[in-house]
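Chains as they are written, first to last, in this note's numbering: chain A, 1 to 395; chain B, 1 to 379.
In case anyone wonders, no lab produced these hints; they're calculated from the structure.
The reader is advised that the hints may include incorrect statements.
[To be verified] Here are the simulated DSS-like pairs of lysine-lysine, each with C-alpha atoms no more than 25 Å apart in a straight line:
(1) Lys387/A with Lys144/B
(2) Lys387/A with Lys272/B
(3) Lys387/A with Lys265/B
(4) Lys277/A with Lys334/A
(5) Lys117/A with Lys59/A
(6) Lys154/B with Lys144/B
(7) Lys39/B with Lys277/A
(8) Lys109/B with Lys39/B
(9) Lys265/B with Lys81/A
(10) Lys250/A with Lys209/A
(11) Lys189/A with Lys277/A
(12) Lys332/B with Lys387/A
(13) Lys132/B with Lys109/B
Computed from a prediction, not measured in an experiment: that's the story for all the values here.
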Amino acid sequence: MPDSDLDTFRAETRKWLEANCPPEMREPVRDEDDVYWGGRNASFKNEAQKAWFEAARDKGYTVPAWPKEYGGAGLSPAEAKVLREEMAAIGARPPLSSFGIWMLGPALLHFGTEGQKQRFLNEIARGEIRWCQGYSEPGSGSDLVSLQTYGEDKGDHWVVNGQKVWTSYADQADWIFCLVRTDKENKYKGITFMLFDMASEGCSTKPIKLISGSSPFCETFFDDVQVPKSYGEDVPAYVGEISRGWDVAKYLLGHEREMISGADGGDRTSAIGAAMKRQAGELDPVLRAELAQFDIDALAYAAMGEKFLDEIKVGKAHPAQPNMMKYVGTELNKRRHELMMAAGGSRALEWESEETSGGKPARNWLRTKANSIEGGTSEVMLNVISKRILELPGA
Amino acid sequence: MPLYHDDDQQMLAESAAAFMAEEGSIKNQLRHWRDRDCKDGFGHGLWRQFAEMGFTGMLVDEDDGGLGMGNVEAGIVLEEIGRNLTPSPFLSSSVLAATALKHGGDDVKGRWLPGLIAGEKVYSVAIDEGAKHRPERIACKAEKSGNGFRLSGKKDFVVYGASSEMIVVAARTSGSDTDTDGVTLFAVPQDAMGMSHDSVRLVDSSMASHITFDGVELDGDAVIGEVDGGREVLNAMLMAGRVGSAAEGVGVARGAMDITVDYLKQRKQFGKMIGEFQALQHRAAHLYSEVEIARAVTIKAAQLLDGGSEKADMMASVAKAKVAKAAGLAVKEGVQMHGGVGMTDEYDIGLYMKRDRALQEFLGDQYYHANRVAEMSGY
């Protein structure tokens with residue numbers, strides 16, 4: 001697309017955002033209910049959130065880069081970038097957040113049948129169905145492929161038994177995309193990527209309380225859950241092929257690592273020293289030095305993020321590079337919050353006070369400790385870099 | 001502008017890599033001249049080859065006979081220089097001095113640029129006064145004398161100073177030592193009366209001078225840029241030099257990392273290749289990550305500088321500091337992972353450690369630049 005067309009698109013986008021994104025939706029996200037997740041049981045926090053979601057949905061801007069027939073706006077990568085930039089410029093919140101958008105959608109776009117895309121992608125784009133992800137199990141964390149949840153083949157359906165853990169927001173989700181073993185003899189080629197309703201009989205969830213006090217994750221139990229193999233013509237209940245769900249999972253893990261890596265920039269890659277100085281008034285010289293060292297690493301990582309995204313666009317990035325981005329980005333974020341706690345002093349220890357918006361500094365600090373565990377631990381990332389990039393033996 | 005090399009830059013990178021790996025190799029240059037106790041510390045023949053490759057005048061404007069390229073391109077050459085530890089006056093002459101000369105009048109350019117472009121002359125820069133880089137403080141004095149100036153004072157860490165036909169000297173023409181204004185840059189010719197070199201060999205086998213100016217008489221036309229307005233030229237020179245030395249540091253880091261990773265795939269202990277041990281794999285993978293990031297921010301800084309961005313100054317310091325950290329890690333991990341042979345002169349890894357040490361100090365170490373980033377950020 002010529003630059004002039006892109007300039008026109010930018011002007012139109014700016015105008016559209018001005019008309020449709022209410023001022024309240026340009027404020028930073030402060031609380032969990034500032035995020036709209038959609039789904040059967042969703043409710044809006046206020047009119048502004050509703051108006052912004054509906055305007056974006058009608059324009060295809062909940063998933064701007066998806067094709068129009070699946071609920072998106074069919075934007076080119078260059079146009080999508082313009083939209084992101086214009087939204088960032090006014091601080092617009094995402095109109096809809098969901099694992100359907102981030103995880104299942106990309107998997108369906110890559111592996112799904114036309115029938116699956118028509119149904120599930122449209123439901124996601126319109127915020128009708130909220131999905132959760134069933135991957136990890138109590139005995140299968142880093143070694144995910146050892147998972148045991150089993151779907152017994154009963155002809156036209158499976159009977160699923162087992163347990164998942166770290167299922168994000170399972171207690172609020174409508175449907176689950178879930179890794180289920182369908183062949184006990186075949187480790188890698190014995191897993192099916194199933195899709196089913198969380199309201200199915202035998203599905204139950206139990207929130208896990210974290211050190212941060214919040215419970216974004218659940219344990220999820222399947223007790224003789226009947227999963228039909230098909231939801232209608234060309235809408236199988238699994239993505240890809242039966243027992244070849246590991247290919248889908250691997251594709252998605254790569255995608256998730258890119259997402260968690262914070263390669264999209266934003267707060268996670270910015271310098272913090274100046275803000276800490278404003279907050280603390282005076283910085284201990286040694287803390288100031290640590291902040292300066294952090295800022296250098298953060299600003300350098302931001303450049304790496306930019307380079308990584310530029311290279312991805314033209315296929316220049318090493319396929320294992322997201323692992324490096326994830327490793328460094330998450331370690332950096334943990335360090336960032338350690339320093340913010342140190343600069344915050346005793347005020348940052350407060351767990352419930354109004355001044356800390358309910359203990360945000362401490363809770364966020366604790367939350368970051370999961371960054372280098374979820375979506376593949378730092379140690380697993382280093383294994384992958386060793387093996388696939390450095391080609392070290394036996395890794 | 002995407003943050004990777006375009007097709008032309010990629011071609012330059014390939015030809016620079018091939019040239020440096022052959023002509024500028026450790027065996028053919030660094031070890032060759034070091035083992036002969038060469039007083040220059042580099043080969044003039046290679047410098048002329050640099051000219052034939054178009055490297056010497058790459059930053060010089062096309063109107064002045066150069067190639068009119070930018071700091072991204074200079075960084076490409078410097079990365080290969082770093083990777084091969086190629087001793088050359090490229091950074092001092094073709095980046096620092098050439099950047100200063102951009103700000104000179106036609107006389108100054110006409111006098112000095114053709115020799116640089118032809119690879120016949122070597123230039124250096126005299127900024128530091130003392131063992132640490134503190135360009136905010138310039139005490140070396142140039143007092144008005146007749147139609148020109150009389151230069152007095154001392155300069156340190158003038159790389160390849162004794163071999164240089166001309167030295168760009170930052171001196172004070174008015175105000176007190178720490179004033180921003182009142183600095184003037186001079187192109188001081190090698191044969192200036194009253195200039196004496198104490199030339200010493202450094203840990204990396206390069207040569208550097210402690211220079212004493214004892215009432216050196218200079219013509220008015222030795223001035224580069226404006227009298228008392230040299231700080232701007234000095235800053236431009238420092239930005240280019242910092243981004244350039246960061247690029248060389250990236251090359252040092254990548255060179256050290258590559259030979260170390262190769263070694264992990266060769267050396268056997270306990271019946272297997274040491275690269276099979278996870279303790280070493282994780283350290284190597286961490287090192288890889290740091291070096292990639294250092295490279296990204298160096299290219300970013302060079303692009304900002306070439307684009308005339310006001311963020312370039314800050315990003316040059318970020319790049320210099322980040323590269324110092326990453327390259328420092330690369331050489332230290334490199335020697336440790338090589339084990340005993342890493343301590344021997346026969347293996348190259350120690351040479352990387354030495355070059356890294358010298359490069360760390362050149363134009364400000366990581367502590368200087370971290371502090372500078374904090375100050376520029378407002379804390």
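Outcome of the hint check:
In summary, the hint linking Lys387/A to Lys144/B is not supported, as the alpha carbons are separated by about 65 Å, beyond the 25 Å threshold. The suggested pairing of Lys387/A with Lys272/B holds, with an alpha-carbon distance near 16 Å, which does not exceed 25 Å. Annotation: proposed proximity of Lys387/A to Lys265/B holds, straight-line Cα distance about 12 Å (limit 25 Å). Distance restraint check for Lys277/A and Lys334/A: the Cα-Cα separation of roughly 19 Å lies within the 25 Å cut-off, and the hinted pair is therefore satisfied.
Straight-line distance between C-alpha atoms of Lys117/A and Lys59/A comes to about 19 Å, which keeps the hinted pair within the 25 Å bound. With a CA separation close to 18 Å, the supplied pair Lys154/B and Lys144/B stays within the 25 Å bound. Our distance criterion of 25 Å between C-alpha atoms is broken by Lys39/B and Lys277/A, whose separation comes to about 50 Å. A hinted pair counts as satisfied when its Cα atoms are at most 25 Å apart, and Lys109/B with Lys39/B does not qualify at roughly 28 Å.
Between Lys265/B and Lys81/A the alpha-carbon distance is near 42 Å, which puts this suggested pair outside the 25 Å criterion. Distance restraint check for Lys250/A and Lys209/A: the Cα-Cα separation of roughly 28 Å exceeds the 25 Å cut-off, and the hinted pair is therefore not satisfied. Taking the CA atoms of Lys189/A and Lys277/A, the gap is about 54 Å. The hint is violated against a cut of 25 Å. With a CA separation close to 22 Å, the supplied pair Lys332/B and Lys387/A stays within the 25 Å bound.
Restraint check: the Cα-Cα separation between Lys132/B and Lys109/B comes to about 30 Å, which exceeds 25 Å; the hinted pair is violated.
Checked against the numbered hints given earlier, the structure breaks hints 1, 7, 8, 9, 10, 11 and 13 and satisfies all the rest.
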